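**Student:** In case you want the letters, here they are:
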Amino acid sequence: EAEVAQSPRYKITEKSQAVAFWCDPISGHATLYWYRQILGQGPELLVQFQDESVVDDSQLPKDRFSAERLKGVDSTLKIQPAELGDSAMYLCASSLGEFGYNEQFFGPGTRLTVL
Amino acid sequence: AQTVTQSQPEMSVQEAETVTLSCTYDTSESDYYLFWYKQPPSRQMILVIRQEAYKQQNATENRFSVNFQKAAKSFSLKISDSQLGDAAMYFCAYQRANSKLTFGKGITLSVRP
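Protein chains in written order, with the working numbering: chain A, 1 to 115; chain B, 1 to 113.
What the hints contain is simulated information worked out from the structure, not anything from laboratory work.
Since this is a predicted model, take the numbers as computed values, not measurements.
Among the hints, erroneous ones may be present.
[To be verified] Non-contacting residues of chain B with respect to chain A, defined by C-beta distances greater than 12 Å in every case (computed):
no., residue
1, PRO9
2, SER12
3, VAL13
4, THR20
5, THR24
6, SER42
7, ARG43
8, LYS70
[Stated by the list, open to error] Okay, derived cross-link-like pairs now, DSSO-like style, lysine-lysine, Cα gap no bigger than 27 Å in a straight line:
no., chain 1, residue 1, chain 2, residue 2
9, A, LYS62, B, LYS70
10, B, LYS105, B, LYS70
11, A, LYS15, A, LYS78
12, B, LYS70, A, LYS78
[As the list claims (entries may be wrong)] Label pairs and their computed distance ranges (CB to CB):
no., chain 1, residue 1, chain 2, residue 2, range
13, A, GLN17, B, GLN56, 47 to 55 Å
14, A, GLY28, B, LEU47, 39 to 47 Å
15, A, GLY28, B, LYS78, 31 to 39 Å
16, A, GLN80, B, ASP81, 45 to 53 Å
17, B, LYS78, A, GLN41, 33 to 41 Å
18, A, ALA20, B, THR3, 26 to 34 Å
19, A, GLN80, B, GLU17, 46 to 54 Å
20, A, GLN80, B, GLN83, 14 to 22 Å
21, A, SER16, B, THR5, 19 to 27 Å
22, A, ALA18, B, ASN58, 43 to 51 Å
23, A, ASP56, B, ALA72, 24 to 32 Å
24, B, ALA72, A, VAL55, 28 to 36 Å
Ideal Cβ positions, reconstructed from N, Cα and C, are used throughout, including at glycine.
Only chain A is shown next, with the shape it has when bound in the complex:
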């Protein structure tokens, strides 16, 4: 069964360091989402891609966060510099396409701890 892959699963870093997370969506899924889930809360969207284009990054802290999906397949989310408040679970999800309803499938997430 096809799944969304994410790596690493866990990351510990110190404040002011750079971190990067990787996501490989289900093959053929044109839409890719990055969500941030703070402990005890629901996920919140950081960025949505349609193929290689950003559709929604209104909640992405652009002074320190960046995201890319250069070939419209896998994606990287970067934080530089990391801050204590960035400690959270970072979830990637993918769905088939652009129109109508398409179920979002989630990866296992990357748990980030900033010391």
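Chain A is fixed; fit chain B onto it per the hints.
**Tutor:** Just chain B now, with coordinates in the frame of chain A:
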């Protein structure tokens, strides 16, 4: 902006019993989708059940069913014959077509053997 509210942080149910998880939402849209997602400890989030707003009939998936009250903007999940494997965080979520999911804060469900 759309909001999703889950006011109960925790619930507990005896194995084999029935439990209902509550959710309310706010939107000015008429065409949208509502979901319940399950997030087991250290495991990925999976879709439990989906409801299209234009459908009056409540969705069911085996032991899981919803009570969708569009006018009241209420969307509760009923789990029948609760099993130990149902223990998890459950999130209510809202979505317009092919847009982001807006989640509630979630509820932790424990199942007592």
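**Student:** It remains to establish, for every hint, whether it holds in the given structure.
**Tutor:** Hint check:
1. PRO9: Violated, because the least Cβ-Cβ distance between PRO9 (chain B) and chain A comes to about 8 Å, which does not exceed 12 Å.
2. SER12: holds, 17 Å
3. VAL13: Holds: least Cβ distance 21 Å, greater than 12 Å.
4. THR20: Holds, because the least Cβ-Cβ distance between THR20 (chain B) and chain A comes to about 19 Å, which exceeds 12 Å.
5. THR24: For THR24 (chain B), whose nearest Cβ neighbour in chain A is about 14 Å away, the distance exceeds 12 Å, so it holds.
6. SER42: violated, 8 Å
7. ARG43: violated, 7 Å
8. LYS70: For LYS70 (chain B), whose nearest Cβ neighbour in chain A is about 17 Å away, the distance exceeds 12 Å, so it holds.
9. A:LYS62 - B:LYS70: violated, 37 Å
10. B:LYS105 - B:LYS70: holds, 21 Å
11. A:LYS15 - A:LYS78: OK: LYS15 (chain A) and LYS78 (chain A) at ~14 Å, within 27 Å.
12. B:LYS70 - A:LYS78: violated, 40 Å
13. A:GLN17 - B:GLN56: 47 to 55 Å: holds, 53 Å
14. A:GLY28 - B:LEU47: 39 to 47 Å: At 18 Å between Cβs, range violated.
15. A:GLY28 - B:LYS78: 31 to 39 Å: holds, 34 Å
16. A:GLN80 - B:ASP81: 45 to 53 Å: Check passed, 49 Å falls within 45 to 53 Å.
17. B:LYS78 - A:GLN41: 33 to 41 Å: Cβ of LYS78 (chain B) to Cβ of GLN41 (chain A): about 24 Å, so the range 33 to 41 Å is violated.
18. A:ALA20 - B:THR3: 26 to 34 Å: holds, 32 Å
19. A:GLN80 - B:GLU17: 46 to 54 Å: holds, 50 Å
20. A:GLN80 - B:GLN83: 14 to 22 Å: Check failed, 44 Å falls outside 14 to 22 Å.
21. A:SER16 - B:THR5: 19 to 27 Å: violated, 36 Å
22. A:ALA18 - B:ASN58: 43 to 51 Å: With a Cβ separation near 48 Å, ALA18 (chain A) and ASN58 (chain B) satisfy 43 to 51 Å, so the hint holds.
23. A:ASP56 - B:ALA72: 24 to 32 Å: holds, 29 Å
24. B:ALA72 - A:VAL55: 28 to 36 Å: holds, 32 Å
Checked against the numbered hints given earlier, the structure breaks hints 1, 6, 7, 9, 12, 14, 17, 20 and 21 and satisfies all the rest.
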